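Protein chains in written order, with our numbering: chain A, 61 to 173; chain B, 33 to 146.
No wet-lab data here; the hints were simulated from the structure.
As the structure is a computational prediction, the values presented were derived from the model and not from experiment.
Treat the hints with caution; some may be incorrect.
Below, simulated DSSO-like cross-link-like pairs (lysine-lysine); rule was C-alpha separation at most 27 Å, straight line [said to hold, decoys possible]:
{"#": "1", "chain 1": "A", "residue 1": "K86", "chain 2": "B", "residue 2": "K39"}
{"#": "2", "chain 1": "B", "residue 1": "K97", "chain 2": "A", "residue 2": "K165"}
{"#": "3", "chain 1": "A", "residue 1": "K129", "chain 2": "B", "residue 2": "K132"}
{"#": "4", "chain 1": "B", "residue 1": "K39", "chain 2": "B", "residue 2": "K97"}
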Amino acid sequence: SQQGEEDPQALSIQEGENATMNCSYKTSINNLQWYRQNSGRGLVHLILIRSNEREKHSGRLRVTLDTSKKSSSLLITASRAADTASYFCATDESGGGADGLTFGKGTHLIIQP
Amino acid sequence: SAVISQKPSRDICQRGTSLTIQCQVDSQVTMMFWYRQQPGQSLTLIATANQGSEATYESGFVIDKFPISRPNLTFSTLTVSNMSPEDSSIYLCSVVQGAKYEQYFGPGTRLTVT
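Excised from the complex, chain A in its bound form:
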């Protein structure tokens, strides 16, 4: 399966600023999920947005989905040093949960204290 594209590949901002990461994909999807990975360790599930949803919030996270453009964005507000990590989007192209995910290339986010 083809991986999606994420941009930027790397992002460095000051603590307290907002961080926006974008993800594009190539096929029809059932849902799109965002994950965080700290220093090559396991992935932490952040949020899932279904194909019939346009926006979703969880704490300081805001995710949007535009299926017509096959794109999604992840906004982290009021960033903290602990947000430094790699962020991946992943698409579920099946009927939901039955197949594995197709991951984007990831954005490496650095929060400067």
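Chain A is already provided as a structure; the job is to place chain B on it using the hints.
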């Protein structure tokens, strides 16, 4: 969400040998998957581990190289066979519970082949 453990957490292996990685979940799950993350790269799906039957492999991955077992609803193994340095990666299992769509990942196994 389910608590997922993997063994070993890391290993250094010699070329030509095989390593079996275990994935254990603390509750029954409907789906289990195995992924590979090569150094500095994103994750790539290797296969879906099917309970009681042969795994379903993605393009580019074959059973002879990556045999997978899933004897029950809480446990799976992935073997990396006849290893070469190109197999040096992090291997992660993931699970889906019930009718939910979220996938949760284990902590990963960091494999280095020398």
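For each hint, the structure was consulted:
Between A/K86 and B/K39 the CA atoms are separated by roughly 35 Å; this puts the pair beyond 27 Å, and the hint is violated. For the proposed pair B/K97 and A/K165, the alpha carbon gap of about 25 Å is at most 27 Å, so the pair holds. Restraint check: the Cα-Cα separation between A/K129 and B/K132 comes to about 26 Å, which is no more than 27 Å; the hinted pair holds. A distance of roughly 19 Å separates the Cα atoms of B/K39 and B/K97; the hinted pair therefore holds under the 27 Å criterion.
Hint 1 from the earlier list is the only one contradicted by this structure; the remaining hints agree with it.
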